[in-house]
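**Q** Protein chains in written order, with the numbering used here: chain A, 1 to 270; chain B, 271 to 571.
Keep in mind the hints are simulated off the structure, nothing from the lab. Treat the hints loosely; a few may be bogus.
Stated by the list, open to error - One-sided and incomplete, this derived list gives chain A residues near chain B with beta-carbon spacing under 7 Å:
{"no.": "1", "residue": "Val-222"}
{"no.": "2", "residue": "Leu-225"}
{"no.": "3", "residue": "Val-226"}
{"no.": "4", "residue": "Ala-227"}
{"no.": "5", "residue": "Arg-229"}
{"no.": "6", "residue": "Phe-234"}
Everything numeric in this text was worked out from a predicted model, so none of it was measured. Using N, Cα and C, we set each Cβ at its ideal position, and we do this for glycine too.
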Amino acid sequence: MKPLVLTLRTNPDERLDLSALVPHRLSGRTADEIARLELQTGRQRITVGDMFRVRGGDSRNVRIEGGTHRLDQVGQGMTDGEIVVEGDVGSQAGRLMAGGRLIINGDAGRWAASGMRGGHIVITGSAGDRLGGPLAGEMAGMRGGVVVVRGDVGERAGDRLRRGTIVVDGRAGAHAGSCMIAGTLMVRRAAGPLPGYLMRRGTVVLAGGCDELSPTFLDCGVHDLVAMRLMAAFVKDYSAAAAVALRSPLRRLAGDMAVLGKGEIFCADE
Amino acid sequence: MREMIIKGMRIDDTFAEAFTMRATAVVITADSARWARQAAVTMTGFGTSVIGCGCEAGIESELSPRETPDRRPGIRVLLFAVSTSELQKQLQNRVAQCVLTTPGSACYAGFQGEEALKLGNALRFFGDGWQISKRLAGKHYWRVPVMDGEFVCEAATGLTKNAVGGGNLLIMGGSPRTTLAAAEAAVHAIKAVPDVIMPFPGGIARSGSKIGSKYKASASTNEAYCPTLRGAVKSALGPEIGSVLEIVIDGLRSSAVAAAMRAGLGAMIKLGPRRGAVRIGAGNYGGKLGPHHFHLKDLLR
Numbered sequence: 001m002k003p004l005v006l007t008l009r010t011n012p013d014e015r016l017d018l019s020a021l022v023p024h025r026l027s028g029r030t031a032d033e034i035a036r037l038e039l040q041t042g043r044q045r046i047t048v049g050d051m052f053r054v055r056g057g058d059s060r061n062v063r064i065e066g067g068t069h070r071l072d073q074v075g076q077g078m079t080d081g082e083i084v085v086e087g088d089v090g091s092q093a094g095r096l097m098a099g100g101r102l103i104i105n106g107d108a109g110r111w112a113a114s115g116m117r118g119g120h121i122v123i124t125g126s127a128g129d130r131l132g133g134p135l136a137g138e139m140a141g142m143r144g145g146v147v148v149v150r151g152d153v154g155e156r157a158g159d160r161l162r163r164g165t166i167v168v169d170g171r172a173g174a175h176a177g178s179c180m181i182a183g184t185l186m187v188r189r190a191a192g193p194l195p196g197y198l199m200r201r202g203t204v205v206l207a208g209g210c211d212e213l214s215p216t217f218l219d220c221g222v223h224d225l226v227a228m229r230l231m232a233a234f235v236k237d238y239s240a241a242a243a244v245a246l247r248s249p250l251r252r253l254a255g256d257m258a259v260l261g262k263g264e265i266f267c268a269d270e
Numbered sequence: 271m272r273e274m275i276i277k278g279m280r281i282d283d284t285f286a287e288a289f290t291m292r293a294t295a296v297v298i299t300a301d302s303a304r305w306a307r308q309a310a311v312t313m314t315g316f317g318t319s320v321i322g323c324g325c326e327a328g329i330e331s332e333l334s335p336r337e338t339p340d341r342r343p344g345i346r347v348l349l350f351a352v353s354t355s356e357l358q359k360q361l362q363n364r365v366a367q368c369v370l371t372t373p374g375s376a377c378y379a380g381f382q383g384e385e386a387l388k389l390g391n392a393l394r395f396f397g398d399g400w401q402i403s404k405r406l407a408g409k410h411y412w413r414v415p416v417m418d419g420e421f422v423c424e425a426a427t428g429l430t431k432n433a434v435g436g437g438n439l440l441i442m443g444g445s446p447r448t449t450l451a452a453a454e455a456a457v458h459a460i461k462a463v464p465d466v467i468m469p470f471p472g473g474i475a476r477s478g479s480k481i482g483s484k485y486k487a488s489a490s491t492n493e494a495y496c497p498t499l500r501g502a503v504k505s506a507l508g509p510e511i512g513s514v515l516e517i518v519i520d521g522l523r524s525s526a527v528a529a530a531m532r533a534g535l536g537a538m539i540k541l542g543p544r545r546g547a548v549r550i551g552a553g554n555y556g557g558k559l560g561p562h563h564f565h566l567k568d569l570l571r
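Model the full assembly from the supplied sequences, consistent with the hints where possible.
**A** As structure tokens, then:
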């Protein structure tokens, strides 16, 4: 069955909340009914039909054509189905997502995958700061699922990560994996300064090393661990290059000793 | 007792009586097949009969690196017990003492059952706070630091309450040598059947038992099948029988036990009475104790 296609008519003047356009909330609605749905934005009243040309189809499979960084909260709270965005998206893409698949063929803004609990996000471009991180006042960030970013990510990727896996094929900004509680963050190219800053538990893999490592991480030597094989088998479906990096012996650094110190950073042995 | 003659071999018109048991499975891997096998052999040692060992355990199959979670050589082990609590206890003790201790080993769930038994969830405490939990692809693992690196263990494995224990074949030959040859041929054939084990040494038991004893014991020698007592007791053996061996089969389901018995019968018939067994029977208790009856004539159809 053909997907439900939403084609952006024009770039919005203000930020646009697209959290209403997720498969489980569109289920059972006709194209006309979808076009009449109201979208949250500034002071104006805007409907889906004002911003998008709607072509009816299977609402479990939503395709958004023509992205812009003003499209916020794409796929927020999604529970099943698939959303494909052809273009960029704004902040909080896939926030609180519980299932399904969100594919962004472009860049994503800040807080992508924030509070995510399950499902699968692929961002073929780059992602902004605090990928998977919590919003102000929240205790934990991402709590499940898999996020793959083909490009680079901004600062504090995996901030307060509680569970789940983030794979970054490109570079990461400063403080990757900051305050991590558990879960796994993999960065294939170089990471910025102070990765794992104040992490309590969890695993950060830096296949391309980092600019500056905190002195509160302690060298535990080079190891070829079975756990890395399991991780390689898991990530190979998402990033073949990341899987290759995991199959080599890696240096284990335990930390952050400034806090609990039960976390770990794995780096390529140089 | 009526019998069939197939290629000169007498097949008793009888049945094996088997019981419903609790069962689980684990996959043990190591850096080499040799060490995976060592861990599995150690874990399944002293696991021949629930009467005295607490569980019946055995190696089900050897796995290639492509078939294991960590892409290393592996062994699949099955364990059977009469209760869930006893199975949990046996699994925990055996993995802790025999697999955790083996160099380079890891242990994973070998079976997705309707319920779960603790595996790594019970063993993780060996890490004394340094253990690491890791969830990948919907599976939960524990990484426990040990002196050669880490022991990786899946958090739980499956439990089935519909397993079948006690499928059996009684192999009767003219001499100990030919009887053992027949039993070995049957064991070799049964090893290819999935989801079954033969818990006795090398798959073969020479001390078949009956229920009860003149002493305070739950089981004692089955004198009706002891050739040296043929003239002294009500023997089930004719003058042509000089030796009897038994193969006991436990399976994750009834159909697996039937397939194993069929494979064993076929191998012994193929070997023939001159080089192997002259008669094959099966052990039962009159059909009143075990719900699973495997009739030899049905298996040969």
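**Q** Indicate, hint by hint, whether the structure satisfies it.
**A** Results of checking the hints against the structure:
1. A hinted interface residue such as A/Val-222 counts as satisfied when its beta carbon comes closer than 7 Å to some beta carbon of chain B; here the least separation is about 11 Å, so the hint is violated.
2. Because the beta carbon of A/Leu-225 sits about 5 Å from the nearest beta carbon in chain B, less than 7 Å, this interface hint is met.
3. A distance limit of 7 Å between C-beta atoms decides the matter here; for A/Val-226 the minimum to chain B is near 5 Å, and the interface restraint holds.
4. At a threshold of 7 Å, the smallest CB-CB gap from A/Ala-227 to chain B is about 5 Å, leaving the interface hint in force.
5. For A/Arg-229, the shortest C-beta to C-beta distance to chain B is roughly 4 Å, which falls under 7 Å, so the interface hint holds.
6. With its C-beta approaching chain B no nearer than about 4 Å, A/Phe-234 sits inside the 7 Å limit, and its interface hint holds.
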